[in-house]
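On the provided structure of chain A, position chain B as indicated by the hints.
Residue numbers (the working numbering), protein chains in the order written: chain A, 1 to 110; chain B, 1001 to 1115.
Since the hints were made in silico from the structure, they are not lab data. One or more of the hints may lead you astray.
What the hints assert, rightly or not - Taking lysine-lysine and the DSSO-like style, the derived pairs with C-alpha atoms no more than 27 Å apart in a straight line are:
1) Lys42/A x Lys1014/B
2) Lys79/A x Lys1057/B
3) Lys45/A x Lys1014/B
4) Lys1014/B x Lys79/A
5) Lys1071/B x Lys79/A
6) Lys1103/B x Lys2/A
Claimed, not checked - Simulated DEER-style distance windows between Cβ atoms:
7) Arg41/A x Ser1080/B: 35 to 45 Å
8) Arg1/A x Lys1103/B: 38 to 48 Å
9) Glu1052/B x Leu46/A: 34 to 44 Å
Quick reminder that beta carbons are idealized off the backbone N, C-alpha and C, glycines included.
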Amino acid sequence: RKEVEQDPGPFNVPEGATVAFNCTYSNSASQSFFWYRQDCRKEPKLLMSVYSSGNEDGRFTAQLNRASQYISLLIRDSKLSDSATYLCVVNSGTGNQFYFGTGTSLTVIP
Amino acid sequence: NAGVTQTPKFQVLKTGQSMTLQCAQDMNHNSMYWYRQDPGMGLRLIYYSASEGTTDKGEVPNGYNVSRLNKREFSLRLESAAPSQTSVYFCASILSLGQTNEKLFFGSGTQLSVL
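Isolated chain A, as found in the complex:
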């Protein structure tokens, strides 16, 4: 079983839509959780950390459900510029262990 699993998509949504991505992780001892954004042929860039209490940054909301071992990202009022691949990243908190999902592709259509 993969450490982190994501639906690869693609998600094609119209501008202004709300879209949600989920990610599951297998290690219940995982400590830190992140969403990264990756544009085509570019490096991943941190979008937001994910905290147990949930956190929001503008149009983006991240949630963590430790009991079910999943992380979610909600994007409201989608913009064309949101088109990218979104990577779920989990850190076990020990050693080097950052685990990456394969990414979810989002295309926002005019």
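What follows is chain B alone, placed relative to chain A:
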């Protein structure tokens, strides 16, 4: 503030050739990583260096060697390139391992093709 700098950005090799990918960070980070990214596979860890003077294997180390030259620099060497090493390579760094909520910062990547 340059962050994490990788060179070269693109490279084409013939099978059997060798090369070194360079990575440097100016954020005074202790830990550095080399990942490769292949379609449908996500990022996979090749080697990492928890601190200056130490290196350890990751998930896919075969065919690679690394050197943590100093705190700033972490290089990845392909001694005898193979077509299976065609990939996009990312260097990354983090302030310190084992700290919760520490975030990875990535270089811009090296697109390597081995013919």
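Pair hint Lys1103/B and Lys2/A, alpha-carbon separation not exceeding 27 Å:
The hint holds at about 21 Å.
Do the beta carbons of Arg1/A and Lys1103/B sit within 38 to 48 Å of each other?
violated, 26 Å
Can you confirm whether the C-alpha distance between Lys45/A and Lys1014/B stays at or below 27 Å?
Measuring from Cα to Cα gives roughly 31 Å; hence the hint is violated.
Proposed proximity, Lys1057/B with Lys79/A (alpha carbon, max 27 Å)
violated, 40 Å
Is Lys1071/B within 27 Å of Lys79/A, Cα to Cα?
Violated, because 40 Å separates the two Cα atoms, which is more than 27 Å.
Need the status of pair Lys42/A, Lys1014/B: alpha-carbon distance at most 27 Å?
Within the cut-off at roughly 24 Å; holds.
Can you let me know if the beta-carbon spacing of Arg41/A and Ser1080/B is within 35 to 45 Å?
violated, 27 Å
Sort out whether Lys79/A lies within 27 Å of Lys1014/B, counting only the CA atoms.
With Cα atoms ~42 Å apart, Lys1014/B and Lys79/A exceed 27 Å; violated.
Confirm or reject the claim that Glu1052/B and Leu46/A have a C-beta distance inside 34 to 44 Å.
violated, 24 Å
The earlier numbered hints that this structure contradicts are 2, 3, 4, 5, 7, 8 and 9.
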